[in-house]
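In case you want the letters, here they are:
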Amino acid sequence: MATFKELPADAPAVAKVTNWFENRFPTAFDAYKVHMSEYYAPKNFNAWYFFGSLALLVLVIQIVTGIFLVMHYKPDANTAFASVEYIMRDVPWGWLIRYMHSTGASAFFVVVYLHMWRGMMYGSYRKPRELVWIFGCAIFLALMAEAFMGYLLPWGQMSYWGAQVIVNLFAAVPFIGPDLALLIRGDYVVGDATLNRFFSFHVIAVPLVLLGLVVAHLLALHDVGSNNPDGVEIKGPKAPKDAKGKPLDGIPFHPYYTVHDIFGVGMFLMVFCAIIFFGPELGGYFLEYNNFIPADPLKTPAHIAPVWYFTPYYSMLRATTDVMVNVLCGVIAIAAVVSLLGVKGRAKVAIAIGALIGIALLKTFDAKFWGVVVMGGAVVILFFLPWLDNAPAKSIRYRPGWHKVLYGIFVVFFVVLGYLGIQPPSDAGTIVSQVGTLFYFGFFLLMPWWSTIGTFKPVPDRVVFAAH
Amino acid sequence: MKRIIASLLAAVAFCSAALASSDGPAWDKFPKERVTNLAALQNGAKLFVNHCLNCHAAAFMRYNRLKDIGLTDEQIKQNLVFAGEKVGDLMTVSLSPKDAKEWFGANPPDLTVIARSRADGSKGSGADYLYTYMRTFYRDTSRPTGWNNLVFPSVGMPHVLWELQGEQRAVFADEKDPHDPAKTVHVFKGFEQTKPGSLSKADYDVAVADLVAYLQWMGEPAQNQRVRMGVWVLLFLAIFTVIAWRLNAAFWKDVK
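Going line by line, the protein sequences match chains U and S. Residues in the first sequence are numbered from 1 upward in steps of one, following my numbering. Residues in the second sequence are numbered from 1001 upward in steps of one, following my numbering.
Please keep in mind that the hints were generated in silico from the structure rather than gathered at the bench. All values derive from a computational prediction rather than experimental measurement. Using N, Cα and C, we set each Cβ at its ideal position, and we do this for glycine too. Hints are not guaranteed to be accurate.
[Stated by the list, open to error] DSS-like cross-link-like pairs, simulated, lysine-lysine; straight-line CA separation at most 27 Å:
#, chain 1, residue 1, chain 2, residue 2
1, U, K244, S, K1256
2, U, K33, U, K238
3, S, K1046, S, K1195
4, U, K246, S, K1256
[Claimed, not checked] Examples of chain S residues lying across from chain U (beta carbon under 8 Å, computed):
#, residue
5, T1112
6, R1116
7, P1221
8, A1222
9, M1229
10, G1230
11, L1237
12, T1241
13, L1247
14, N1248
15, W1252
Using the sequences and the hints given, assemble the complete structure.
What follows is the structure in structure tokens.
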């Protein structure tokens, strides 16, 4: 136990009260120091660093608005749609709460995608921050589950058929697929049982996991310290420090970054509120028009598209046709031949056998199954990023120019895949999304090789910072 | 495998069919300013209650919400509630779905949020669709009801506003398909009034605009309040952000 401090009798009342609490709950005071007033963050953060705190803000918005929505929402196939309209009409300010929640869902993905992209650009996943990145990827995965299950709750046509399509993907898993899909739905079709369990997962199970992961993400971050746009360690043994051992390139998170983030919050809220008040449907991207038609199990909509934040991955799923599977077989064969040239002895046999097994598996199971694997793999591969990147410089700033081009193409393909996932399938679209899918996986899987090539710029010893 | 190819091909074929149908007649632009005009909304409510609310319900909408468009409880009771409902009741109908299916071939959809659901990113808003739909009914003896519609071919609903609009005939011409000279396509050339209604064409357009304005408003009764509030919220946030920006600068001027 920490030592019990006594203040003189004439100390100010505020100090006495503070002292009373500090004596009884020192953990809170230590946590405030460790995570706020004495957490040293690099002083050269740029605008990309707003998105972490914004993600936290959106999480809070979602939880608080969610609490109020649950007070009025009815998780019942017969009344769910009506209860949402009841919230929109009869609950005082219900429309505002609901729009905050529906816009918040999309905003969450916007800020999280930008936050992840920031991490990729500045190598924030590199040693010693691997776990920070992995917790982050797990948050992303949990967020996808959360969004997917939440989308069923309004019980409109898109809710219903979107859930039907996604749950059917699980049915493509060999052997256990149909049982797995049945387990998820709780019925042979999406129905009341599905709605009830998705509601339960959406309001309690996944949010608990999400909160736990966010805490782990932040604790791990504060243990290893934040990266920065230069990818220079400010707390390492070689980093310059003042007489008290505080990093010279770091500043206390509070007040410097709290006040900085409040400014970011203001800018974010302007965009967020402009959407809520002037265009909550955002042209059908945030609230799909079809979802204003109550779910009808007998009427399949002409075009079922997931909400925009899933569409890059949905495109990859659709790109995985039989032709694509053959291309993947070819890719494995080429990869095997190339690596056979580079190794000797027993490894040769192992590579050859591995490649043959891979090709045999690809040809054994349905393309639909491999589509699901591709879609899942596109998310799972992110977890391995810390071990794929071998570049001598963490930050994109000190990497060769053509690395920047490659990162640029990556973003373009990601956006194009997202766009194509919204559109109805077309021949040209399928080919573009196949190229995009191959690029996406090539980008990551070949990273151990390409990330070391090129002329790197010298990384400075200290962060680059111009006083404001 | 073959199933996948087949379903993909079917999907592609289906999508081109869907695209072809979306090539259908362009939607007319609904005069948006009617949604903020209380007289228009009240007229629309009257048309809605008299002509639509017999087969179609608006089961998420309460009669007394009409107070938002300037009516009093008394006016609602006197003019808009017919079957002994209370003003706080929902706008339901007693038509059974089973009868409806038998009579029209389909259950008339609930109209509460119809204007929100009928939007199409490439063609216009739901109000544009409804505004076009209600003005493009035409006589077609091949249909069981004797009516057809330009933007909703083979529609189940007969033209309920025929007394106002009168009757019109659609003129089609067979033309060579520009994509395939061997084929001809059925091209819509215009309407021809065959029987006058009680309203002139211009007055009928205004009446439909009022009705659609009402449907648009009913889809989200808070919409006008939402936009009005939004202006103040953004003004507040703009000031907040400027202060936050200067506060940030004040703190950061010490950071060297």
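Going through the hints against the structure:
1. K244(U) <-> K1256(S): holds (18 Å)
2. K33(U) <-> K238(U): Status holds; Cα separation ~24 Å.
3. K1046(S) <-> K1195(S): Between K1046(S) and K1195(S) the Cα gap is close to 25 Å, so the pair holds against 27 Å.
4. K246(U) <-> K1256(S): Holds, because 15 Å separates the two Cα atoms, which is no more than 27 Å.
5. T1112: holds (6 Å)
6. R1116: holds (4 Å)
7. P1221: At 6 Å from the nearest chain U Cβ, P1221(S) passes the 8 Å test, so the hint holds.
8. A1222: This hint holds: A1222(S) lies near chain U, its Cβ roughly 4 Å from the closest one there, short of 8 Å.
9. M1229: holds (6 Å)
10. G1230: This hint holds: G1230(S) lies near chain U, its Cβ roughly 2 Å from the closest one there, short of 8 Å.
11. L1237: holds (5 Å)
12. T1241: Holds - the Cβ of T1241(S) comes within 8 Å of chain U, reaching about 3 Å at its closest.
13. L1247: For L1247(S), the interface hint holds, since the closest Cβ of chain U sits about 6 Å away, which is under 8 Å.
14. N1248: With a closest approach of 5 Å, the N1248(S) hint holds.
15. W1252: holds (5 Å)
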